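Please model the entire structure based on the sequences and the hints provided.
Read off the chains here:
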Amino acid sequence: MNESTSIAAIETVARDSYGRLIAYLAARSGDVASAEDALGDAFVAALKRWPAEGVPEKPEAWLLHVARNRMIDATRRKQVRQKSEKFLQQIAEEAENVAKAHEYFPDERLKLLFVCAHPAIDPAARTPLMLQTVLGIDAARIASAFLVSPAAMSQRLVRAKNKIRDASIPFRVPEPPELEERVSFVLDAIYAAYTTGWESVMETASTHHALAEEAVALGRTLMQLMPHEPEAHGLLALMLHCEARRAARYTSDGKFVPLDQQDTALWSQSMIDEAEAHLHSAAAFKHMGRYQLEAAIQSIHASRAKTGRIDWKEIALLYEGLVRVAPGIGSLVGRAVAIAQAGEPASGFAALEQIPADQTADYQPYWAARGHLLRLLNRNDEAREAFDRAASLTDDPALREYLFQRSIENGEHDG
Amino acid sequence: MKYAILVHQSQEHFDRRDDKAALAAGRAYGEALQAAGVFVAGAGLDSPRNATTVILRDGKRHVHDGPYAETKEFLAGFGIIDVPDLDSALEWAARHPSAAFASIEVRPILGFGAALPKC
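Those sequence lines, one after another, are chains A and B.
Residue 1 is where the first sequence starts when you use our numbering, and the numbers rise one by one after that.
Residue 1001 is where the second sequence starts when you use our numbering, and the numbers rise one by one after that.
Misleading hints may appear alongside valid ones.
What the hints assert, rightly or not - Which chain A residues face chain B? A few, computed with CB under 7 Å, are given here:
id: 1; residue: ASP166
id: 2; residue: ALA167
id: 3; residue: SER168
id: 4; residue: ILE169
id: 5; residue: PRO170
id: 6; residue: PRO356
Keep in mind that the hints were calculated from the coordinates and are not lab data.
All of these numbers come straight from a predicted model, not from anything done at the bench.
We treat Cβ as the ideally placed atom computed from N, Cα and C, and that holds for glycine.
Have a look at this one:
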């Protein structure tokens, strides 16, 4: 057996099965960190032994077997200190079952996703925890995407894993009526991974770009694990619609292009088609939700590629629904813009004015929308102020440039 | 797993703890814990006004009037329950009659947290 074949085999297993292996080990021990350590040891053992002994017939089962033995050894060492005879006996029995059962192992990733997004876990740790445990992304890369130091990110992850173990957060799929809310936490954490990648899209060669793809991968995983959850389809459709426009968001020389002016020839039609298929699957369940509504809004924008126009009335209707199920500032601003674009700028501006000021102070899209609507109303001085405010609230240099440009253009119209 | 259920409430609600309805609800909750076989221990606490705090520094005992910390919400009672996992503990915490106005903190008791691997 040659070494490069073995390494390729190890890489394949690591890529395809890491999350399943971790989920299986953690679901049985309640301890994510020790599952990671044990699996890490198993990969090291594979690197040593596979080149000499050949790649085993069932590489996952081999790794699982080694990892479980490591976990049992580690727990035994801990328990010896606590002198727990009964516990050792139990472990010995379990080890025997393990040996018998290593042909097949169940997929526990859904339970792991629910643990990562458990309400007892710090919301800031949920998305990083999913990326690390389900996809095997290393902490340093996650840290750079979330713009925190690697040390701070590892500390956040360690704290979350300790809490899972020490507070005994159960590995289970919640039941109704709890299920719907708990699913929404999982969806939100996956979407947060996507928006983290999205907002930093300018750094094309960096890890940020990859994180959006990882978020889509998480979305696909959730959709496979919960094929009957319409919102899982909705979230995937939403991410795919946004992802389809990646190449059109900036010109080749790095200038920001707003959605309604993007060159539709640069959109990925295959991603749009896939998004539409998921939206269609979701609709069959006849249970509307936030992510389906957001995906439906993106779907209308996507249809501009075929029709050449944007049905703002339909978008306004969808925002009406979105404001009801997810009354966040994002949907309130989106609704106001849609009303204005649908031919009623005064009503749109009135809707914008109703948003409480304490929510808008540092929300860039509000100020950009305000500038846009004021301009539709020919209130150009106020529009310029709003665009300037918006420009000062973004960390994307291309977007800042665009917003300042709109502020100046506005002045030119004025003068 | 054993968990402490710590009830933190405001003075305003604390003052109403002897209302007939509050007493009945507290009793019923205790009975429900017993009936489910999860009750280990529990008690309501007297007002922090009657608290005395002791510290030992350099071998000298310092005693002072009042609670460890003056806070708007204070510890008004505690329970210890024995349940399989955090989700069950949170369910019992949510059923506490004070949950609608007090904050119920759930914390694992040390020494019972060692996870038993089933793999």
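So, going through the hints one by one against the coordinates:
1. Annotation: interface hint on ASP166 of chain A holds; nearest CB of chain B at approximately 5 Å, less than 7 Å.
2. The restraint placing ALA167 of chain A at the interface with chain B holds, with a minimum CB-CB distance near 5 Å, inside the 7 Å limit.
3. For SER168 of chain A, the interface hint holds, the least distance from its beta-carbon to any beta-carbon of chain B being 5 Å, beneath 7 Å.
4. Evaluation of the ILE169 of chain A hint against chain B yields a held restraint, the C-beta minimum of about 5 Å falling below 7 Å.
5. The beta carbon of PRO170 of chain A is positioned within 7 Å of a beta carbon in chain B (closest approach about 4 Å), and the interface hint is therefore held.
6. Given the 7 Å rule on beta carbons, the hint for PRO356 of chain A is violated: about 26 Å separates it from the nearest Cβ of chain B.
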